[in-house]
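Undergrad: Note that the protein sequences, when read in sequence, are chains A and B.
Under the numbering used here, think of the first position of the first sequence as 1, with each following residue one higher.
Under the numbering used here, think of the first position of the second sequence as 1, with each following residue one higher.
Calculated from the structure, these hints are not laboratory results.
The model shown is predicted, which means the values in this text are computed figures rather than measured ones.
Positions of the beta carbon are idealized from the N, C-alpha and C atoms, including for glycine.
You may find that some hints are simply not true.
To be verified - Calculated from the model, a selection of chain B residues having no Cβ within reach of chain A, i.e. all distances over 10 Å:
(1) Leu33
(2) Lys119
(3) Leu136
(4) Lys165
(5) Asp190
(6) Phe191
(7) Lys201
Stated by the list, open to error - Simulated crosslink set (SDA-like; lysine to any residue; CA at most 25 Å straight-line):
(8) Lys147(B) - Ala293(A)
(9) Lys197(B) - Ile316(A)
(10) Lys197(B) - Ala293(A)
(11) Lys231(A) - Ala175(B)
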Amino acid sequence: MKLASHYNKASIIISASMLVISGLIYYLIINYIARKGLDDDLKEEVGEFFIYVNTNHALPVAQYDENQTSYVKTNLKSYNTRFYDAPYANPNHSEVKPGRAVSGLIRFKGQNYIYTIIESRDPTEYLIQIILLVTIVLTAILLLVLIITNMYVLGGLWRPFYNILGFLKGFNIADTDTIAIANTNVDEFKDLNDAVSKMSARVVSEYQGLKTFTENASHEMMTPLSVITSKLDNLIQDERLDSDQLKEITDIYSASNKLSRLNQSLLILVKIDNDLLQDNETLDLSVVIFDKAQQFQEIIKNKNITLTIELNKLEITASKYLIDVMINNLFSNAIRHNKITAGEIKIRIAGRTLFFQNSSNQSELDNELIFNRFYKGKASDGTGLGLAILKNICNNYGFEILYKYCDELHVFEIDFN
Amino acid sequence: MKLLIIEDEQGLCESIQKYFTEEGNICEACNNLKVAIQKIDLYEYDCILLDIGLPDGEGFIVLEYLKSIGRDECVLIISARNSLEDKLKGLNIGADDYITKPFHLSELKARISAVFRRKSFGSTNTLIYKEVHIDLLGRSVTVNNKKIVFTKKEYDMLLYFIANKGKVISKNAIAEHLWGDEMDMIDSFDFIYTHIKNLRKKLMEVTGTDFFASVYGVGYKFI
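Work the whole structure out from these sequences, hints included.
TA: Printed below as a string of structure tokens:
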């Protein structure tokens with residue numbers, strides 16, 4: 001639940017209950033005041049009644065005005081005058097209405113009477129009802145206004161927050177253009193905005209620094225590597241070398257070769273991350289695959305791998321270099337990890353999807369890990385970056401790459417949509 | 001062939017010099033732009049190897065200088081950066097080829113030979129090595145007027161070996177030349193053996209001589 005809803009819920013519960021309680025108190029007070037007013041009226045009536053009895057020396061008729069008066073003979077010597085609620089039957093109407101009564105003792109011609117005067121409570125009841133109705137309507141309007149205000153005002157107040165949140169959600173570390181996120185007059189949001197801007201700027205600059213470092217480090221390593229390679233190239237010209245020494249040299253060759261490929265792979269990753277390869281063109285993927293298949297045919301043949309190709313024209317827009325790398329890596333991967341005998345590679349394009357399948361002695365690989373950098377089998381002699389590069393290239397162009405294992409074949413599926 | 005190497009990395013410079021210095025070749029070296037320009041002013045070269053990252057500036061300046069004084073030496077750029085922009089920039093200002101570090105000396109030599117051949121022989125481009133005649137435009141090989149049919153890779157390999165005649169070429173260098181340096185499968189170079197065997201056999205059938213010498217484990221030599 002949103003913060004605003006939480007707040008709304010709390011504020012509505014509190015204001016509703018406060019309004020109910022205050023309404024109740026209001027009702028009770030009005031009721032009390034109204035009763036008090038009635039009782040005052042009745043007191044006046046009693047006063048008038050006594051004056052009437054004293055001047056006229058007779059008991060008034062039961063109904064000498066709106067009020068009803070009645071007398072009951074009594075032997076009681078004393079009786080406390082009391083006010084109480086009683087039914088009021090208006091002689092003009094058949095129905096019985098609520099009323100207020102006063103009863104007391106009067107001595108008339110040596111005989112004690114208890115007189116009772118009942119007054120209709122109808123007008124005050126009506127007043128109370130009207131007041132109650134008005135109160136309820138006002139309360140309802142107030143609540144409604146409160147909810148609407150909360151909805152709109154709070155929504156508006158929180159907008160900068162959601163802007164910042166949206167920025168954070170869409171935050172891409174590789175994006176260099178960080179913009180001021182939200183305009184707001186609220187201090188808290190200003191602070192948050194500042195903090196987020198500063199943090200993202202710092203993260204981006206750290207990341208840029210790291211990438212520059214990787215790029216520079218990789219480039220710097222190329223020169224010493226070329227010194228090693230060229231020295232080895234000269235060293236093997238020496239005819240005095242024996243087979244043991246040549247064996248050692250072969251190993252150094254392999255190591256320096258691996259190092260340079262590792263470096264190149266790192267550079268490709270940096271270039272993809274930095275979006276440095278903008279040489280997009282329209283390519284027919286089937287042509288690229290066909291060329292690569294030609295290029296690798298000797299190696300495939302030498303490893304006794306059966307290559308099955310089923311290609312359709314599939315046009316994509318991407319950097320030729322990266323697509324070359326992509327297909328290269330797929331082939332390298334499929335050849336390297338294939339079976340020693342009777343291996344197979346199947347390449348198929350269906351619609352806009354490329355399927356690259358290969359047999360292997362290894363069983364299913366961990367889908368979560370295979371695209372990680374430097375994840376590789378113990379026996380693998382590769383750099384461990386091939387599939388990571390593949391994944392990065394796909395991410396870069398929004399292609400979807402999936403790994404599956406079915407019918408004892410490792411399947412890499414790339415959706416170019 | 002007279003060669004000028006402009007390279008600030010001493011070790012690399014010496015290696016290139018050593019590999020290229022042979023009968024008929026003169027190699028000079030310098031390690032900064034200033035000396036390079038002086039040398040270019042004083043002497044003529046057939047080919048210039050130019051490193052882009054030099055201590056006193058970018059190697060492109062040499063290219064611009066050569067262009068401004070109307071010289072047309074073959075220029076091959078050596079760069080630590082495998083960057084398309086650098087490559088295009090270099091080729092636009094007048095470089096003939098571009099090679100990225102690290103590289104094999106045999107690759108460098110093959111590239112220089114190709115560039116030099118292109119510039120010096122023009123359209124009548126026939127490469128003759130002993131009794132082997134190669135028509136570079138028609139990409140056909142004849143020995144004693146008999147045509148030998150090679151696959152594309154065999155043909156490329158033959159040219160590569162001829163450019164590096166008398167030198168031992170490592171299997172790594174051969175593999176990189178023919179299958180590209182992005183190929184990520186160094187576990188086995190057996191496939192090179194098969195390839196060389198075919199090339200060797202085809203040449204032997206016609207010429208009766210074995211041009212190849214295998215150097216234990218490391219590579220092959222063309223003699």
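Undergrad: Are the hints correct? Go through all of them and say.
TA: Cross-check of the supplied hints:
1. No Cβ of chain A comes within 10 Å of the Cβ of leucine 33(B); the nearest lies about 17 Å off, and the non-interface call holds.
2. Against chain A, the non-interface label of lysine 119(B) holds: every CB pair exceeds 10 Å, the least being about 24 Å.
3. Leucine 136(B), annotated as away from the interface, keeps every beta carbon of chain A farther than 10 Å; the closest lies near 22 Å.
4. No beta-carbon of chain A is positioned within 10 Å of the beta-carbon of lysine 165(B); the least distance is around 12 Å.
5. Non-interface status of aspartate 190(B) relative to chain A is broken: a Cβ of that chain comes within 10 Å, the nearest being about 6 Å off.
6. Distance check for phenylalanine 191(B) against chain A: the nearest CB is about 4 Å away, which does not clear 10 Å, and the non-interface claim fails.
7. The Cβ of lysine 201(B) lies farther than 10 Å from every Cβ of chain A, with a closest approach of about 15 Å, so its non-interface assignment holds.
8. As the CA atoms of lysine 147(B) and alanine 293(A) are separated by approximately 28 Å, the hinted pair breaks the 25 Å bound.
9. The suggested pairing of lysine 197(B) with isoleucine 316(A) is violated, with an alpha-carbon distance near 40 Å, which exceeds 25 Å.
10. Between lysine 197(B) and alanine 293(A) the CA atoms are separated by roughly 22 Å; this keeps the pair inside 25 Å, and the hint holds.
11. About 18 Å separates the Cα atoms of lysine 231(A) and alanine 175(B), which keeps this hinted pair within 25 Å; it holds.
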